[in-house]
Amino acid sequence: TTDLISDTPLTQRLQTFLDKLHARAEEMHAEVQVSAQSVADADTDPFKRSFLQFKSGMIAQFNAILQKGSGVYQKEVAPKASPMELMALSQLFNDWHISVLNMMTSAFDHVVERDLEREYTEIMEEYQRYKDHFHCKQCGGKLEIQTFYFTAAYIACPYCRTQNTFDPGTKVRMVEHLARPLAELRCRGLYQTYKQERKLLGAKGAEESYRAYVLALIGEMDNILPGLETQHQNFCNRLLDDYQRFEVFDN
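Under this note's numbering, think of the first position of the sequence shown as -9, with each following residue one higher.
Quick caveat, the hints were computed from the structure, so don't treat them as lab data.
Among the hints, erroneous ones may be present.
Taking lysine-lysine and the BS3-like style, the derived pairs with C-alpha atoms no more than 30 Å apart in a straight line are [claimed, not checked]:
id, residue 1, residue 2
1, Lys132, Lys121
2, Lys65, Lys10
3, Lys121, Lys161
4, Lys38, Lys121
If you anchor each label on the Cβ, the simulated ranges turn out as follows [said to hold, decoys possible]:
id, residue 1, residue 2, range
5, Ser28, Leu205, 36 to 42 Å
6, Ala143, Ser96, 43 to 49 Å
7, Gln182, Glu21, 39 to 45 Å
Positions of the beta carbon are idealized from the N, C-alpha and C atoms, including for glycine.
Please build the complete structure, drawing on both the sequences and the hints.
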């Protein structure tokens, strides 16, 4: 009986229609595998806006396929099916939907959108070059920079007392936005440990594990962006307080 139902004209038409949509989704998935990393690598914008536009466009196309298949099934196929046919049609549609959805959600898994360690290395190399060639605009004396300045700062010349503007530039200023995601990347092992403990022990049982992760995170942020230790400590306190209030307390 099942074979007869799966061979009805309505089922065959749906199968043909979904196969065509599936083939298009496979083409798109293959296109992403080939070109997405190149698009990401070519995008020099720190916020990867060109790559994100490409990604959004591809996701929109996947969604359009899902919506088209769902719309035809709901409006043109299911209402015409007998109760027995509907079982086979429903299974056919669900299998198709899951397959296309998996392609969409996994399409960009292989893409490294940003190489944060490389970005940070390039920033610090540029900062070092600027710092090593920083001289007084009045007397030409070499000015030693002991503090890390990622924004413009006034530096007094020790020889002639002239105020000089030390401005390492736009690229160096981006380090402020890089500190947390890079620190999170460096601490991902501790974060995974915390997530595993939380799954087994709950929020309260995993509290010490979370604290260890947060302290390591703040330590890395201090290393990446020295000079903002007070702000980082305030951020640390807020994370730990929020965990107590919204995670442990609610559980």
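Evaluation of the provided hints:
no.: 1; hint: Lys132 / Lys121; verdict: holds (10 Å)
no.: 2; hint: Lys65 / Lys10; verdict: holds (18 Å)
no.: 3; hint: Lys121 / Lys161; verdict: holds (14 Å)
no.: 4; hint: Lys38 / Lys121; verdict: holds (28 Å)
no.: 5; hint: Ser28 / Leu205: 36 to 42 Å; verdict: holds (39 Å)
no.: 6; hint: Ala143 / Ser96: 43 to 49 Å; verdict: holds (46 Å)
no.: 7; hint: Gln182 / Glu21: 39 to 45 Å; verdict: violated (32 Å)
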